[in-house]
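My numbering numbers the first residue of the sequence shown as 30 and each following residue consecutively.
Watch out, some of these pointers could steer you wrong.
The calculated lysine-lysine pairs, modelled on DSS-like cross-linking and capped at a C-alpha distance of 30 Å, are [what the hints assert, rightly or not]:
| hint | residue 1 | residue 2 |
| --- | --- | --- |
| 1 | Lys-153 | Lys-166 |
| 2 | Lys-303 | Lys-265 |
| 3 | Lys-176 | Lys-146 |
| 4 | Lys-265 | Lys-299 |
Distance windows between CB atoms, simulated [claimed, not checked]:
| hint | residue 1 | residue 2 | range |
| --- | --- | --- | --- |
| 5 | His-205 | Phe-337 | 28 to 36 Å |
| 6 | His-291 | Gln-213 | 20 to 28 Å |
| 7 | Gln-213 | Tyr-179 | 12 to 20 Å |
| 8 | Lys-265 | Ile-331 | 40 to 48 Å |
These are computed hints drawn from the structure, not numbers from a lab.
In this text, a Cβ means the ideal position worked out from N, Cα and C, and glycines have one as well.
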Amino acid sequence: MKRDCPKLEKQADEKRDDSSKSAKVVQNDGSDCSNGDILSVSTNQYVDAWILDSGCSYHITPNREWFSSYRAGNYGSVYLGDDRCCNIVGVGDGPAREQSLGGSLYYVTFIDDFSRKVWVYFLKQKFEVFAKFKLRKVEVENQTGRKIKYLRSENGTESTDSQFQKFCEGHGIQRHFSVRKTPQQNGVAERMNRSLTERARCLRLNAGLPKSFWVEAVSMACYLINRSPRASLGGKVTEEVWTCNQVNFDHLRIFGCCAYVHVASNERSKPDPKSRQCIFLSYKKGVKGYKFWDPVARKMVISRDAVFDE
Numbered sequence: 030m031k032r033d034c035p036k037l038e039k040q041a042d043e044k045r046d047d048s049s050k051s052a053k054v055v056q057n058d059g060s061d062c063s064n065g066d067i068l069s070v071s072t073n074q075y076v077d078a079w080i081l082d083s084g085c086s087y088h089i090t091p092n093r094e095w096f097s098s099y100r101a102g103n104y105g106s107v108y109l110g111d112d113r114c115c116n117i118v119g120v121g122d123g124p125a126r127e128q129s130l131g132g133s134l135y136y137v138t139f140i141d142d143f144s145r146k147v148w149v150y151f152l153k154q155k156f157e158v159f160a161k162f163k164l165r166k167v168e169v170e171n172q173t174g175r176k177i178k179y180l181r182s183e184n185g186t187e188s189t190d191s192q193f194q195k196f197c198e199g200h201g202i203q204r205h206f207s208v209r210k211t212p213q214q215n216g217v218a219e220r221m222n223r224s225l226t227e228r229a230r231c232l233r234l235n236a237g238l239p240k241s242f243w244v245e246a247v248s249m250a251c252y253l254i255n256r257s258p259r260a261s262l263g264g265k266v267t268e269e270v271w272t273c274n275q276v277n278f279d280h281l282r283i284f285g286c287c288a289y290v291h292v293a294s295n296e297r298s299k300p301d302p303k304s305r306q307c308i309f310l311s312y313k314k315g316v317k318g319y320k321f322w323d324p325v326a327r328k329m330v331i332s333r334d335a336v337f338d339e
């Protein structure tokens, strides 16, 4: 039979191999860019997800539409997880970050060197770091009565901005920058960022929430880290060291658990249910209440009257 001919099968296998030996990739030129590195590789099956090469150097996607710019050419080759080699036939740019429900793409952390307390601010653009630092400076100095004297940061453009530099010089704040591509010089912040990312990932996956809830997961991870014992503090709790007050844990709830939020009488009619099923996300700052996600109305709800199903 023709379909059983070994020669034809060999030719078909060679065609399939040739069709999978090309890729489109974003080349890292060393510049500070908000777009991620992307690699597009041809495949026989449609995959709406990222694929990594064997060195985890590139992000691979069969979606040509994900590139905002593209240049064809011969740019070497990459290896996939099964040791297959793909020729890079083009480079381009494209966004590779997941946008939160509020439109945030990044977050910046500020850490107190004494208590190891961490604050997280979410950003839509990297240049917002300077504005967030000014807010943090005013709040910390007002609450503690002490001045910020040193600021250690990476050597990125958002940290070395001229306005940022002049502001610190005008307030007597000494700047310490890490050398480019030497994150270990800013080890405390880098390790904290990793802890936040890993804990946020575990919280979100355990709750079964999509990636767009990464801001809520990072916020909860930060909240729990500040209320956990630290080895660097001799087993003391970060929040207790910062405030010199004992921390209360009675209000803690499981992230992503089901909760039945009470509906006020003026917001419902008599036949309507007195509660609505929501998802617990975090604790609202400055409010004695909880933050929930209403999947039906697709909006955030702040309430103190809720029954948790943990």
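Numbered hints the structure breaks, given as an ascending list:
When the structure is compared with the hints, numbers 2, 4, 5, 6 and 8 turn out to be violated.
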